[in-house]
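**Q** Using the sequences provided together with the hints, build the complete structure.
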Amino acid sequence: MRSNLRWLLLPALLLPLGWLLFVNIGADPRTIPSQIICRSLPAFSLTTLDGDTFTDADLAGRPAVINFWASWCGPCVAEHPVLLDVASVAGGSVQLVGVVYQDRPASAAGWLRRYGDGGWPDLVDDGNLALDFGVTGPPETYFVDADGIVRDRVVGPLTTQSMRDGLHEIGVDLS
Amino acid sequence: MKRLAVPVVLVAAVLGVGLVAFLAAPSAPTSGAAAAAGIAADLRCPDCQSLSVAESRTAASAAIRAEIVAQLDAGRTPDEVRQHFVDRYGAWILLRPALPLAWIAPLLALAAGVAWLGWWISDRRTRPLPPAPPAPDAATRRRLADEAEALDA
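These protein sequences, in sequence, are chains G and D.
The working numbering numbers the first residue of the first sequence as -5 and each following residue consecutively.
The working numbering numbers the first residue of the second sequence as 317 and each following residue consecutively.
The hints are simulated quantities; they were obtained by calculation from the structure and are not laboratory data.
A couple of the hints might just be wrong.
Computed footprint of chain D on chain G, listed as stretches where at least three residues anywhere in the stretch have a Cβ under 8 Å from a Cβ of chain D [claimed, not checked]: (1) 26 to 33; (2) 118 to 132.
Here chain G is said to cover these stretches of chain D; the calculated rule only asks that three of the stretch's residues, wherever they fall, bring their Cβ under 8 Å from a Cβ of chain G [said to hold, decoys possible]: (3) 361 to 374; (4) 377 to 388; (5) 443 to 457.
All of these numbers come straight from a predicted model, not from anything done at the bench.
Glycine included, C-beta positions come from ideal geometry on N, C-alpha and C.
**A** Here it is in structure tokens:
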């Protein structure tokens, strides 16, 4: 009986280790799970590059795509055409919002002149909105549904497919 | 019972060392600036690698340091301030795990391994020898002697 107990101890130690290995074997250690998914959009009131005030209330009742970017961010150049494409076909079905992350407004405005200004509001963040979203670095994009609930996040540059998937999560299907 | 003495002593020693290390950890600072610095040292810089918020010079870390001071000034405890950032970034933001389980689990695994090894060794020592094979009978002894003589010839 004692001998049987002793040999049961070995699988009792190895099984939890094996389970941890099995669960995490396919996980990307660089991906940090977002805490804001399925939570409400944080309250904010920020100034746009055009000098207007933009608040979370301006997004009420409308799906939104919130894109954190910066003029010093290389991958932001790669994803910008995807955002411009959506802006050109979305009409009023979805609100695009840019958030300038750790950047000078003049540099951000110059970047838009160079790569194309889609006409959506670009907010100048004092750092707190990025903290509230749990942003780890640009580009990061959040998809918010019409009820103001954050439904999806894309870390890194958007692709046509990831944009389409994110929009689908918030009930927007563009043809 | 004596057979269990060695593993029990080893397990107690390992757990004792872990407990002493846990109790000897520095206690929380009392002044506001020291508390803010302590919290910043416990938080991971969100847009750098292997740096705390206290060490990093990025704007994100500066914003976090400012938020820490603002929250402490608003009367929140250091634990509440840490939780504020955990709510936004998850436990990933903590450079030190909040639950002592992460520290204790390796000690427990080590203690269990030592116990298993001690049990295995003590069991081998005290295990009775296998019974000796029966002595050969007279006919077998005579046959063996004959075969040995034939080999020597």
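**Q** Next, verify each hint and record whether it holds.
**A** Hint check:
Residues of the region 26 to 33 of chain G with a Cβ under 8 Å from some Cβ of chain D number 5, which satisfies the need for three, so the listed coverage holds. For a cut-off of 8 Å, the count of residues in the region 118 to 132 of chain G with a CB near a CB of chain D stands at 11, and the three-residue condition holds. Given as covered by chain G, the region 361 to 374 of chain D passes the check, having 3 residues with a CB less than 8 Å from a CB of that chain where 3 are the minimum. Note: the region 377 to 388 of chain D has 5 residues with beta-carbon separation from chain G under 8 Å; the three-residue rule is met and the coverage holds.
For the region 443 to 457 of chain D, the proposed coverage by chain G is not satisfied: 0 residues have a C-beta within less than 8 Å of a C-beta in that chain, short of the threshold of three.
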